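Letter by letter, the chains look like this.
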Amino acid sequence: MAKQIIKVEHLEKYYQKDHILHDINFSIDQGEVVALLGPSGSGKSTLIRCLNGLEAYQKGTITFNGKQVEPTEKYWQQVRQKIGMVFQSYDLFPNLTVLDNILLGPVKVQHQSPKVAQASAEKLLDQVGLRDYEKAYPRQLSGGQKQRIAIVRALALKPELMLFDEVTASLDPEMVRGVLNIISKLAQDANMTMIVVTHEMNFAQQIADRVLFLEDGRILEQTKGDQFFKQPQTDRARAFLESMAF
Amino acid sequence: MAHSGINVLFEGRNLIRLFGGLWTTVEIAGVALILGLLLGIVLGVLRTFPNRLLRLVLRLYLEFFRITPTVVLLFLFYYILPRQLGVNLPANQMAMLAFALWTSAEMSDIVRGALISVPKHQRESGMAIGLNRWQLYRYVLIPQAVSLELPATVNLVTRVIKTTSVLMLISVMDVINVGQQVVEANNQKFPTGVFWVYGMIFVMYFAIDYPLSWWAKRLDKKRLERANG
Numbered sequence: 001m002a003k004q005i006i007k008v009e010h011l012e013k014y015y016q017k018d019h020i021l022h023d024i025n026f027s028i029d030q031g032e033v034v035a036l037l038g039p040s041g042s043g044k045s046t047l048i049r050c051l052n053g054l055e056a057y058q059k060g061t062i063t064f065n066g067k068q069v070e071p072t073e074k075y076w077q078q079v080r081q082k083i084g085m086v087f088q089s090y091d092l093f094p095n096l097t098v099l100d101n102i103l104l105g106p107v108k109v110q111h112q113s114p115k116v117a118q119a120s121a122e123k124l125l126d127q128v129g130l131r132d133y134e135k136a137y138p139r140q141l142s143g144g145q146k147q148r149i150a151i152v153r154a155l156a157l158k159p160e161l162m163l164f165d166e167v168t169a170s171l172d173p174e175m176v177r178g179v180l181n182i183i184s185k186l187a188q189d190a191n192m193t194m195i196v197v198t199h200e201m202n203f204a205q206q207i208a209d210r211v212l213f214l215e216d217g218r219i220l221e222q223t224k225g226d227q228f229f230k231q232p233q234t235d236r237a238r239a240f241l242e243s244m245a246f
Numbered sequence: 001m002a003h004s005g006i007n008v009l010f011e012g013r014n015l016i017r018l019f020g021g022l023w024t025t026v027e028i029a030g031v032a033l034i035l036g037l038l039l040g041i042v043l044g045v046l047r048t049f050p051n052r053l054l055r056l057v058l059r060l061y062l063e064f065f066r067i068t069p070t071v072v073l074l075f076l077f078y079y080i081l082p083r084q085l086g087v088n089l090p091a092n093q094m095a096m097l098a099f100a101l102w103t104s105a106e107m108s109d110i111v112r113g114a115l116i117s118v119p120k121h122q123r124e125s126g127m128a129i130g131l132n133r134w135q136l137y138r139y140v141l142i143p144q145a146v147s148l149e150l151p152a153t154v155n156l157v158t159r160v161i162k163t164t165s166v167l168m169l170i171s172v173m174d175v176i177n178v179g180q181q182v183v184e185a186n187n188q189k190f191p192t193g194v195f196w197v198y199g200m201i202f203v204m205y206f207a208i209d210y211p212l213s214w215w216a217k218r219l220d221k222k223r224l225e226r227a228n229g
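Protein chains in written order, with UniProt numbering: chain A, 1 to 246; chain B, 1 to 229.
This is chain B alone, in the form it adopts within the complex (with noise of 0.2 Å):
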């Protein structure tokens, strides 16, 4: 057993450094998220009001984020941000702020959708008892729409979880990256290491997103018996 690939994350140091690559990845998608779904509610009430000027820049920056695709983004905030405008930040704390922007993209369409299925007569007795427009969000509007659209924000945080996976192209020291050093130092020693160093990583990315995407399951299953009974 002792060339068994497996003892690959037991080699030194091999194994706490995975984990301290998957803490960079969970702080850096924690950042991003909470900065993100934040942003991302503000700007989806925002699409809902009537001001056409307004919904349209909100709709270019959905559009903008939805089509650049990952990669390229965090390219554009890694090369071109700190050259073009000098704003030099950290990789780390650049990756926070590209997954920030493109998380509130996101949520900001699901934000809008879910308050505009929230029906017509419900914003009409809100009004109709005198409320004004920050009342009606506040009281009516947006706790409706949150229970509409937490099963699809829940999938919105396990999608920007996984698409971390890309940081280590702009080198930032996450998950992935440690596992690849992990595999090139030890490749003499343990050629069949590759496997299980990405095999471990595959069981660290279950462990966080299998949970969520359940809980999503659990809460959309909810919210269909709650609506029909």
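The shape of chain A in the complex, shown without the other chains (with noise of 0.2 Å):
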């Protein structure tokens, strides 16, 4: 049986007044790619933030590696070094070049040597094609290359999980494909754990081993992915792919 990555148990989150998850529950195993589907404003976001403590929850818990995440900022830095996370806003550093932004997390959150560091972010690099520019600052680089860095940066921690939320959401069209390339590769050939948040249904149908499709903040089916897509166990997630489909 494969190790299990992460465990979430009767998550409960609220903004204020408002109940934004309803009791999530879901445990992924090493090597498993979840795409996490779902409406607009259903939570989907909200989740995956709550995953590496971004958000604060009101109820319920998280096991990360066989260990349940106290919620403190404390432990938090220790579990997101382990796991890497790509948002939507290409977010790299604009006071830092290129390599910079890679090695921060390696060199002071973890300690390693930079020379160490600098020779496997330099192969990273090299696999998404990027190497001429580790001395370029981020405002030289396009939307598409700065989330291929930005994926490399979280990498650089050798994280156990990765999560991505949106990632091409505010890409150029043309810049997308490369993106996406590069997540279904480390999928494939690195075998990386991983939750994709994502409005691009043909990747998600792709890449993903389990479909988690959520609305209003509750999880209403959790679906084998070749499945979800051919035959939906819900009504709610028949209408949603009918809208995503051209």
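Keep in mind the hints are simulated off the structure, nothing from the lab.
As the structure is a prediction and not an experimental result, all values here were calculated from the model.
We treat Cβ as the ideally placed atom computed from N, Cα and C, and that holds for glycine.
Treat each hint with caution, since some may be false.
[What the hints assert, rightly or not] Reference listing, derived: stretches of chain B covered by chain A, where coverage requires no fewer than 3 residues with Cβ under 8 Å from a Cβ of chain A:
hint, segment
1, 121-134
2, 139-149
[To be verified] Subject to a maximum C-alpha distance of 30 Å in a straight line, what follows is the list of computed DSS-like cross-link-like pairs (lysine-lysine):
hint, chain 1, residue 1, chain 2, residue 2
3, B, K217, A, K135
4, B, K120, A, K59
5, A, K135, B, K222
6, B, K120, A, K17
7, A, K115, A, K7
8, B, K120, A, K74
9, B, K120, A, K7
10, A, K108, B, K120
11, A, K158, B, K120
12, B, K120, A, K135
13, B, K120, A, K82
With the hints in hand, could you dock these two chains into one complex?
The structure is reproduced here in structure tokens:
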């Protein structure tokens, strides 16, 4: 049996009076790729942000690598080193070069030796085809390039779980494919465990082992990837898929 | 030309005395600025922390120094501190202290403003790679805030230098005070001397402040170019 990476039990989230997430339960095994789908405002981003402590939750537990997470900032700082996250707005640090962006975590947080960290950063840059840009500043890169660097920056910490929060949503269409290719390569070749929030249905269908379908802060459906796209179990999911298709 | 007013500057040691006064001005402003800007950065960072009590206290500190006219502030330090608290410092050092605290209050607001205008996503990206609070400020927020705040900081510097002209009120021998003495001592011989002495002081302040304000403008232009490029 594969190792369980993350497990969420009875998670509840409120913004003041608004109930954002209702009784969320799921777990993810090592190497599994889970797509988090659902209409806008269904709580996908909030959920994925709860998983690395960027959002506080009011009830329930998150268990990472067999250990229950204590909801303190200190504890999350440890956990976050094992969870890579890439956001919609490619937010590289504009004051640092590409290489320094990537090295900040490994060198300052994980205390890897700069030489070792640089060697593995350069290997990762090669893989995404941006080795030539290591001395460049983020402002000199296109959106797609920035997003690829942001993925490398997250991978440099050697995470056990990757979270992708609508990473192609603000890219020009012609940039999207390059970024998605990197993510699917990561799933196939590196067997990375990941949770992907996306509106690219073809992409989700291609990479997802499992789909969590979210609406109004509830998980309505947890289905195997191929099955979800052919035969969703709920009417809501069917309607959602139809609305996304041309 | 013998009695033309400009000669007041070259009479005796007048010019040297004026430069001596200018040096006092620069010294007081310099020390106050170094201490005040450093303290202001620390206070500005603290003002972005979530602790409410801390924020309230620092906010009151800022408002006290911002609302009180500088002259009143100087008198408070010069007359009240020694009598009520037994702190006895020479006028020059009193002035440095008062100006340093005032600068730190103004600077704390500039730093805080710059820090909170760094986009929220930057903070979250930093947290996502496991940075702790200190590292987040050190590597991500402060470097970005500095480029945002630099023009405002340079403006504050020019303001502090200009405001040293009130130092004569607590009998610091700054350039204004020296100028007034020169004018009074030479009033008989050079009736139009007052124009030349204050003219000279104008040139002195201008020579210090104008390059700074020019630099501030340039920094701001550069920053905008970079932000849009």
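Hint check:
no. : hint            : verdict
1   : 121-134         : holds (count 12)
2   : 139-149         : holds (count 5)
3   : B:K217 / A:K135 : holds (29 Å)
4   : B:K120 / A:K59  : holds (25 Å)
5   : A:K135 / B:K222 : holds (21 Å)
6   : B:K120 / A:K17  : holds (23 Å)
7   : A:K115 / A:K7   : violated (36 Å)
8   : B:K120 / A:K74  : holds (20 Å)
9   : B:K120 / A:K7   : holds (28 Å)
10  : A:K108 / B:K120 : holds (21 Å)
11  : A:K158 / B:K120 : holds (25 Å)
12  : B:K120 / A:K135 : holds (25 Å)
13  : B:K120 / A:K82  : holds (22 Å)
The structure fails to meet hint 7 from the earlier list, while all remaining hints are met.
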